[in-house]
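Protein chains in written order, with our numbering: chain Z, 1 to 119; chain S, 1001 to 1107.
The set of hints was computed from the structure by calculation and includes no laboratory data.
Beta carbons: idealized from backbone N, C-alpha and C, even for Gly.
Watch out, some of these pointers could steer you wrong.
Pair by pair, the computed Cβ-Cβ distance ranges are [to be verified]: (1) 56(Z) x 1010(S): 29 to 37 Å; (2) 1067(S) x 46(Z): 38 to 46 Å; (3) 66(Z) x 1060(S): 35 to 43 Å; (4) 1070(S) x 42(Z): 23 to 31 Å.
Calculated cross-link-like contacts (lysine-lysine; reagent style DSS-like; alpha-carbon spacing at most 25 Å) [said to hold, decoys possible]: (5) 1039(S) x 45(Z); (6) 66(Z) x 1107(S); (7) 1103(S) x 83(Z); (8) 83(Z) x 45(Z); (9) 45(Z) x 1042(S).
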Amino acid sequence: QVQLQESGPGLVKPSQTLSLTCTVSGVSISSSGDHWGWVRQPPGKGLEWIGSIYYRGGTFYAPSLKSRVTISLDMSKNQFSLKVNSVTAADTAVYYCARLEGGSGFDYWGQGTLVTVSS
Amino acid sequence: DIQVTQFPSSVSASVGDRVTITCRASLVISGWIAWYQQKPGKPPKLLIYAATTLQSGVPSRFSGSGSGTDYTLTISNLQPEDVATYYCQQPYSFPLTFGGGTKVEIK
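If we strip away everything but chain Z, and leave its shape as in the complex, we get (with noise of 0.2 Å):
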């Protein structure tokens, strides 16, 4: 059975770097040929989807956020991580890891983890 599961800070100061991080349970991202991203929720708005990467490495970005975010893996731990740099109040969000399976959509979601970014 597939999980995913975040993991990071729940509080960041204006101006510094989000870092999170997903740990994947259940298939190894390295012998997957899916896509594991990142979609982050604004408290009472819709989805957006941030960014995603492909296990050879390929990664792909929101035009809006490309200049801010950085998605890696980590296959040693079965993990993949987040960073958006320069936060700002705006940022605020809940953040969902999720496995893009191909063009099918994204089939598993981690819980999800609030980061609220103020001073």
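Add chain S to chain Z, keeping to what the hints say.
Using the frame of chain Z, we list chain S on its own:
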């Protein structure tokens, strides 16, 4: 980039009613659309992918249709547990995009 417009933004219907939600893509996406259900405090749940394929375990009262740029999620025989917000998403090309969501309530 492919924009996805979802409507209506909210719908209120009675138990047993048929509810239809539509997504329109700015380009032809050749059936590559997914539908999700999200309940408060929970992650989205994949309901339908490739426009018409029901994800395993999803009740058969959910169905999807469409082609080209226009796609529809239908909930037939609306049940109280279907109260949620529904999103469409195009996995056809990067950057991936979601519709704005449709909140489904019971009258």
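Verification of the supplied hints:
Our hint of 29 to 37 Å for residue 56(Z) and residue 1010(S) is violated, since their Cβ atoms are close to 42 Å apart. A beta carbon spacing of about 25 Å between residue 1067(S) and residue 46(Z) contradicts the range 38 to 46 Å that was offered as a hint. With their beta carbons about 40 Å apart, residue 66(Z) and residue 1060(S) fall inside the hinted range of 35 to 43 Å. The supplied range of 23 to 31 Å is met by residue 1070(S) and residue 42(Z), whose beta-carbon atoms lie about 28 Å from each other.
Proposed proximity of residue 1039(S) and residue 45(Z) is supported: the alpha carbons are some 13 Å apart, at most 25 Å. Our distance criterion of 25 Å between C-alpha atoms is broken by residue 66(Z) and residue 1107(S), whose separation comes to about 42 Å. Restraint check for residue 1103(S) and residue 83(Z): the C-alpha separation of about 31 Å exceeds 25 Å, so the hint is violated. For the proposed pair residue 83(Z) and residue 45(Z), the alpha carbon gap of about 22 Å is at most 25 Å, so the pair holds.
For the proposed pair residue 45(Z) and residue 1042(S), the alpha carbon gap of about 14 Å is at most 25 Å, so the pair holds.
Taken one by one, the earlier hints fail for this structure at numbers 1, 2, 6 and 7, listed in ascending order.
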